[in-house]
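*Asks:* The lines below spell out each chain.
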Amino acid sequence: MTETYKPEWVPEKDDDKFACRVMYGVKGGHEGMPGSNVDLSRKSAPVIKRSKMTVDDYVEGIIKGDRMTLSRAITLIESNATAHFYIAQQVIQRLLPYTGKSTRVGITGVPGAGKSTFIEALGNRLCAEGHRVAVLAVDPSSTVTKGSILGDKTRMETLSRQKNAFIRPSPSGGTLGGLTRKSRETLLLCEAAGYDTILVETVGVGQSETTVRSMVDFFLYVVITGAGDELQGMKKGVMELADAVLINKADGDNKRRAMVTRAEYARILQFLRPATEKWETRAYTCSSVTGAGIPELWNEVIMKFFSQGKENGVLSERREHQTLSWVYSMVEEHLHNLFYRSPSVLACKDKIETDVVEGKLPPTIAVQKLIAEYAKTEIGDYIKDTSPFAIK
Amino acid sequence: MKAKIMFLQEVRNSVDDFAEREGRRPRIMLANFGFAENNHDITETATVLADMGFDVDMEPWGRTYIDVAQDALDNDVHVIGINSIKGEYKSLVVKLLEELASYDREDIMLVISGHIEAHNIKEMYELGVSVVLVDNCYEKFAKGILSGLETILF
Chain A
8 MTETYKPEWV PEKDDDKFAC RVMYGVKGGH EGMPGSNVDL SRKSAPVIKR
58 SKMTVDDYVE GIIKGDRMTL SRAITLIESN ATAHFYIAQQ VIQRLLPYTG
108 KSTRVGITGV PGAGKSTFIE ALGNRLCAEG HRVAVLAVDP SSTVTKGSIL
158 GDKTRMETLS RQKNAFIRPS PSGGTLGGLT RKSRETLLLC EAAGYDTILV
208 ETVGVGQSET TVRSMVDFFL YVVITGAGDE LQGMKKGVME LADAVLINKA
258 DGDNKRRAMV TRAEYARILQ FLRPATEKWE TRAYTCSSVT GAGIPELWNE
308 VIMKFFSQGK ENGVLSERRE HQTLSWVYSM VEEHLHNLFY RSPSVLACKD
358 KIETDVVEGK LPPTIAVQKL IAEYAKTEIG DYIKDTSPFA IK
Chain B
-17 MKAKIMFLQE VRNSVDDFAE REGRRPRIML ANFGFAENNH DITETATVLA
33 DMGFDVDMEP WGRTYIDVAQ DALDNDVHVI GINSIKGEYK SLVVKLLEEL
83 ASYDREDIML VISGHIEAHN IKEMYELGVS VVLVDNCYEK FAKGILSGLE
133 TILF
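So the protein sequences, as listed, match chains A and B. Counting from 8, one number per residue, gives the positions in the first sequence under this note's numbering. Counting from -17, one number per residue, gives the positions in the second sequence under this note's numbering.
In short, the hints are calculated from the structure, not lab data. Values in this document were obtained by computation on a predicted structure and should not be read as measured data. Even glycine gets a Cβ: it sits at the ideal position worked out from N, Cα and C. One thing to keep in mind: the hints can contain errors.
Claimed, not checked - Facing chain B, according to a computed beta carbon distance under 7 Å, are these residues of chain A, among others:
id	residue
1	V54
2	S78
3	T82
4	A88
5	H91
6	N306
Next up, chain B with everything else stripped away, as it sits in the complex:
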């Protein structure tokens, strides 16, 4: 337990360090392509990330990739998180990346923050996803996001 808290503190420190240089906290928007208003997984991801010091944007449910891209631009987020979208993820990821590219905003990172089957992870990276949450290890996930932002922003 103690080791876990240490870990959390470590992530918080690097988030603080990021915020100092960027002028604001890393901002992630959790897209909800699903059809449940109160998706427990998204709530969990949101609270964990907020506890690590992220600014977390929540989205209404049942959004299309066009809506999500527009919201990401309006809120000017660093990262879009896709949470557990089961079957149709491939098209959504590709379409979302295309939509962002059409606005010339490919600097917005795309991450998968929900359930994903192990054999799909490699494919996700190939499609253009930057970080995937594996085995619910949020520490690694947050560090992956921060190091990704490091190369994009600075």
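Only chain A is shown next, with the shape it has when bound in the complex:
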């Protein structure tokens, strides 16, 4: 037993009336005390320059499967700086032969539908089966302040500890190829680094799910109960892009309602054209907390989709189609950049903006004026000088 003593304030004559005893404190070996094993000798923060990496470093590191190189290469891909763009494209070009072998799954749903928790449950399972899983989670950037809060990892607590899992949250902000180019190329990098299952997570608000649809093989739409009636689902949009609809949070009290919701979605899906040829989009339930339904979803739905798709050639057709659409979406983004970075547009933008705000100029005429200004630029020279896509 630890040695204790009576506190000094206990009156001597009432000794046995007080049960209070005090333990002796720690004598050493604790933090900040003599005998501590932590070396506190380090003085002032050292300034250490970030090491520079060449194209060869990136390519070799990624083929070896080095996580740190992969993460730095993704940074390079995501960079909006034109100088980084050239290096990134060289890296991609050299890694292309190593890509294309993975299972690409896109996951979308409204905020709070439980996408990240679902990925945590699914990813852990896949890792346990010996798969190498990469998770690319795109979170929106603020359009006002341009900053972002990337919180997907907070839900993937155990998955982020797995040696076989790589989770990369990315802000959606910034252009120069935009989300499409960046996520696609990030996906390719992960494939080259040897990850055989890639999960792309995105918040289903607006454009992002269409973008993700155009780069994955299987697209999963995660929904929850109590989100409107049949008609809501029949509205055109994400429902017709999905290869499976998953009703999450089917556990405890919510299980019954989840079953009802599943039946409702199943009814709607009967009327919709499936997103993939020769594949029937259906609704399923699962619980990310208890894990119920997740193995069935993976083995009997997603895996079946892939084996069937490989057999009848739908998958390879889809990938070919995606590569082509990638080219044109890059053209669109590039034109967008050309316009907004064009010096003649920038020069007259402020004036036109104030005129429109003050009501002197109708918006339609303002558009005409801006386009006219843009057309005045020597586009050929301009592209040659500033465009990252120009052939040098």
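Given the coordinates of chain A, work out where chain B should sit on it, guided by the hints.
*Replies:* Frame of chain A, contents of chain B only:
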């Protein structure tokens, strides 16, 4: 109030300037060594920094320094922010710096973004922390981070 907004705009401008040269926004990861899932202090720091134009990575709670270093490398952040870790901060700071050094990534800055007692600040700098948030003055904090990154990156 107006002066405060001006200040914020000034910080945003320098963040934008940084983003222009670096190709991305300054990215900070707020480590959560504590045992509360929804730590109000971390939420506050995160929103303030995001409002200034930073990309802010949130971490699950109850992480070890090994997890934090690995996450920082995976996300390729510029800065790791430690928020209010009370008693055990000295060992954590030292261990985290050692862990980063073992990956040869000492260019990742370490900052303290939470409650810290005044008499500990000097010691923090001596341990290798680059910036400490003092008196909740986020403007100074952000500027400290940016000027630190300036010497590391460019």
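*Asks:* Work down the list of hints and note, for each, if the structure agrees.
*Replies:* Status of the hints after comparison with the structure:
1. V54: holds (5 Å)
2. S78: holds (4 Å)
3. T82: holds (4 Å)
4. A88: holds (3 Å)
5. H91: holds (5 Å)
6. N306: violated (28 Å)
The structure does not agree with numbered hint 6 stated previously, though it agrees with all others.
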